[in-house]
Every structure is written in C-alpha cells, then in structure tokens.
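Starting from the known structure of chain R, fit chain Z onto it as the hints suggest.
For reference, the chains in residue letters:
There are 2 protein chains.
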Amino acid sequence: MSTPLVSVADARRPLHAGVDVGGTTIKIGIVDDLGRTLGATKIPTADETGVPDAVRRIAAALRSLADERRIDSGDVVSVGLGTPGTMDIPAGLILEPPNLPGWRHFPIRDALAEACERPVTYANDAGAAAYGEFWVGAGREHRSICLFTLGTGVGGGVIVDDVSIDGAHSHGAEFGHVVIDTTAEARRCSCGKPGHLEAYASATALVSIVRERLAAGEPSSLAGIAADSLTALDVAKGAEAGDALALRLIDDLAVRLGLGVATVTHVIDPEAVILGGAMNFGGAAHPLGQRFLARVTAEFRRLTFPVQAARTALLFAALGGDAGYIGAAGLARLNHRNQAS
Amino acid sequence: MSTPLVSVADARRPLHAGVDVGGTTIKIGIVDDLGRTLGATKIPTADETGVPDAVRRIAAALRSLADERRIDSGDVVSVGLGTPGTMDIPAGLILEPPNLPGWRHFPIRDALAEACERPVTYANDAGAAAYGEFWVGAGREHRSICLFTLGTGVGGGVIVDDVSIDGAHSHGAEFGHVVIDTTAEARRCSCGKPGHLEAYASATALVSIVRERLAAGEPSSLAGIAADSLTALDVAKGAEAGDALALRLIDDLAVRLGLGVATVTHVIDPEAVILGGAMNFGGAAHPLGQRFLARVTAEFRRLTFPVQAARTALLFAALGGDAGYIGAAGLARLNHRNQAS
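Top line first, the protein sequences correspond to chains R and Z.
Sequential numbering of the first sequence, starting at 11, is according to the working numbering.
Sequential numbering of the second sequence, starting at 11, is according to the working numbering.
Simulated from the structure, these hints should not be mistaken for laboratory data.
If you're wondering where the values come from, they're calculated on a predicted model, not measured in any experiment.
Errors might be hidden in some of the hints.
[Unchecked claim] So the derived list for chain R, only partly shown, Cβ under 10 Å to chain Z, looks like this:
#1 Thr34
#2 Cys156
#3 Val173
#4 Gly182
#5 Gly186
#6 Leu224
All C-beta atoms in this analysis are idealised placements derived from N, C-alpha and C, irrespective of residue type, glycine included.
Just chain R, same shape as in the assembly (with noise of 0.2 Å):
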C-alpha cells in the first residue's frame, strides 16, 4: 500500500478503522482523525467461507494489526465498511454482489459491529473510495466531487459537502449504468441494458473490444498475446509501446468517458470529478495517462456549459488502492462525530 504511515505518538485521536471488501481481498486499515494511515492491512476475501467466517476474520486482522503497531484499541472509537453492491445502506445488509457469489443475504454491519465491539458505518466500496479522496485525497481542497472508479466495473461515488449520495435504494452514482449510445450497434452493459458506459469504459470492455477488432484482422502488436489471456494492462503496455490499434482503443474510450462525465455533471455539477480505479493507464506521472486525462477532459469540455468547461477540475484520484478503507473509516468518524455533538 502506498500511502505513508503517520506513528502513533503523531497520531491525532480518536482513531477510526476501515475495512474495504473487493472480490479477491479486503483491505483494512487503522487511521488517525486526520485521515492519516496508522497501519494497514490485507487478508483474502475467500467469499466461499461465507460472511461469517470473513467478519471473525477481519476482527481477529483488526486486533492483530493494532498490536502489532502497538496502538491502544480503546483509541479505535469505529468502524467503516464499504462493500460492493448490491446492498441496503440502512438496513446494513449484503444483497447480491455479482463478484461475492459466497456472500448473499446478510446482515454483515451488525454481525462485524459485534465482532468488532464497535459501531460499524455501512457503505458501498465506490462511496467509500468517493469520501477518501473528497476526504484526504484527489478532492481535499473540493466541496463536491464525483467519483468514477474505472476497472473491472465502472462504479462512482458523489460526496456533496461532506454527505455521500447513497440513494434511496442503495444505488446512487451508478455512473457505470448511464446510458452513452443508444444507436442501433450499442454494446450491452454486464447488468444486461444497451449503451452503458460500464460496456465502454471498464477494463472487461478495452479487453472484449480489442479482441473483436483482432479477430477482424486488424494488424496489432496484441494480435501475438493469445485471446483469453489479454488483459487491460497488456493493451496499455502495447499503447505504451506505440501500438496504433490499442492507442486508438484507448482514445475512443476516453471520448466515451468524457460524455458519461458530462451527463453526470449536469447532474450533479460537482467542483471536481476524479477518475480512480485500476484502469488509469499510468495517472498522471505517464505520457499514456496525460493523454488519456486530456482527452477524456476535451470531450467533456466540447458537451458542457462553458462555466463548467472552465472550471470544473478533472484528476486522477490520488489515494490508489487505499481510498476505500480510508473512506470508510472517514464515514466512520463522521457518524461518531454527528453522535457525540
């Protein structure tokens, strides 16, 4: 993890933890009331345990990496949680997420408040990495930041002066499920509808659509990787390396990227979006990143209000693989501040 660590003795309390479940690992941390990374952690999801055993498992992590960075527990006041949908915020309940078939139907907030001794704040994982960076990340100095993670999935998250745009039924910020095509020759999203911009711009997309267009023959350098095994990060790599097929693949997504950005600001009109996620192509220490931010931020210029052209700032997301954790020990710490005042 590449945040750095603040020691105990600089550490500002109360201390919060934050627990960020993906599909392969959960990511936890220990972190100060300042944001600022104490200790953090990983075990594996290993969602065919089922819930249970994950939440005895986070625990125990938790307690461990206390002692091991020697923090007083009694300092940790609360817990976050972010998970992927689908869920129920309020009632605290893992539904159905697509990538843990393991885990459906469970009141996991309570069952790790529990566990845990402390009280849990419930979130989805993209709303958590959303109130990271709002929080201590890419969108600090922001009063209002959408959120678009890019990976296997496209997800989001709104934090609109420190609230979280949950929804009403746990599915606000679906920016992956804004429609960006409705001609004839759409591609269809995961979730089964035509024209999302998850069926554009997740990394599964790049890769489906850099395969149709090898098998129609075009002349690439990815054309010597074999089919099944092509990943996102191969067809960055070959883009990298001055491939023309995987450039133009690239740019085409970041025009497809600019209008989902465009419709979810006029929507929502934030100060900031930041794009987060794995599919980065580097950020903005890399030529390929450069390019690709500029030209997701041109077309959004092109489609929106010339005050937002001019002011709206578009980033890379700053905090990486930790915003989720960091985040939901953030939405942690509010609620605990909100009961105590």
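Chain Z alone, transformed into the frame defined by chain R:
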C-alpha cells in the same frame, strides 16, 4: 392560483415569503411554517424595466399582500427568491438568464434583502419548485426527490434529505441537458449541443417535431392550424380528440423522457421522481396525462435496475404554478432555522 389558503388565525408562525420569477410573471406568496399559503399575488416581470425596478415592485407587492391579508409584517421573518439561470447562487447574482434579456449581471439577492429588510435565500427556479414539491407537494412523504420541470424548456431539481443539490457552479440538476440521443440524427438543444432531453421533451421541441411531420405531409387534424401559431396545448387537445399523429408524438416524447428519468435515477437514486411544469397533458386527472405518465414509467422501468423499477415512485407534481414561491419560502425557512439553532 390553486393552493387553498390558511387563515391568519390558524397559521403556524414564523411566516416566510416566497418569490418566483418567470419570463412573464413574478409570483409572490406568504406561507406559514407548515408550508401553507396565507396569500399570494402576481406582478408582471416586465424585464425591460430592469432588475432594480423589479426589486422595488416585488417589495411593494409583498407589503400590499401582507396588508390585504392583515398579516403582521413582523411575523414574516425571511424571504426566498427563485430565478431562472444562469446565476451564481452563493454570490446572489443574476448572470445571463436567456428568458430575461433585460436582467443581466445584478446582485439581486442583496438588493431584494435591502428592499424587504429581511434576509433573502436565493435559489434556481426549478430548485425552488423541487423544494416546494418535496416540502408540501407530491414529494412530501419522500426523503429524496428529483423534479423534472417540463415547460418551454426542461429544468430540474434534486432534493436529498432537505438539501437542494444546487451544484458548485449553480448548474446542478440540469436535466434538460442530459444526453438521450447519440445517433447521427440527434436533435439540437437550445444550448447548441446535440441529443439533449430538452430537444425532445420540452413544449418547444414537441411543437417543432409536430411542425416537421406536418410539413412532411403526415395526415393530422393539426394541419388545420397555422404552423406559426401551433402550441403544445393544441397538440395535447388534438391527442385528446384522437388525432393519431399527436398521440404518437406524445408517446414518443414519453419514451424519450423515460430514458432521461432512468439516467438521472442512476446518478441520484431518489425515492420519487416528480414530473412538473405545464407539459403534463392534464396530469393525473386526465386520461391523456395518465397515458403519458404510464408510458414514461414503463420505459423507465424497462431501463433501470429491478429494485428501482419496483420501488421508485413516478408522480405528477401537486402544487402546479405555486411550487416555486412555496419552495423558495421553504428554503428561506431552512436557512432561518439553521441560523436560529
């Protein structure tokens, strides 16, 4: 105006005034702390006389209204003001509203506060209407709503837990500028961009589309009306009388709106979506309005997730043309309460 009046004796104090500026008329009302109207009036906008004159006339109309209804003006503690954009809400500035050519770059909030000797809360007109419907209208039993205002143009408002999503640049909830058509034949919006909802679901758009079909020789009873004088009301009347072209084009409009509702719902996920504005085809009390709402709802349900298809309420607005001043007064009340606490 249709809202029943509450008597001064029965009113719950404190009272709040609301001002809703439209292209031709300014509506002004005084409401009690439960959102019930004590009295309302209207004056011409007459934007050619400029904003300072309008501010004087609004303040005078408010004093007359209080006198007529024997309201102790000391009971009216705050004023809410809604105007059409463009605007800078935090700064209290009118910028360049297309519908008010005589109103340009003026600090209307502070000028009205000085003229009324009351704090003024400033809002977008559609945002104010959304708050009105949320507070005491069709959304009164819901914790979050999106209001689509279907009139000359298409506007919107988002209220989540008593907070209006105004946007960082006063461009929140611009539902008219959500993209719903990415085909080569996409219609152009009044803002100049292609495929926006406003280019399909506004009264202006409906009239344009009908005119094009008539010019192409499609048979219709509407062919008897001179093309320049045709209105959306004529189209609605034709549909009510069984004109096949009018019915088909209103059905098409409903399907386009259904996609817009789905996209907005995938960003906000409100408890209820409310359709307001004059383009309601008679609303819930008329067969044409019922047919319209049923078709919008069917398309929305086809395009969204199962939980939202089952649970998101689609409703016509309840306050008609009074929503704007009631909501502006409600937003003023919120600020008054926040400052008092």
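Do the hints match the structure? See the list:
1. Thr34: Thr34 (chain R) check fails; min Cβ-Cβ to chain Z is 25 Å, beyond 10 Å.
2. Cys156: Hint holds; Cys156 (chain R) Cβ to chain Z Cβ min 9 Å, cut 10 Å.
3. Val173: Interface hint status for Val173 (chain R): holds (7 Å vs cutoff 10 Å).
4. Gly182: holds (4 Å)
5. Gly186: Check passed: Cβ of Gly186 (chain R) comes within 8 Å of chain Z, closer than 10 Å.
6. Leu224: Since the shortest Cβ distance to chain Z is 26 Å, the answer is violated.
Hint compliance for this structure: hints 1, 6 are broken, all remaining hints hold.
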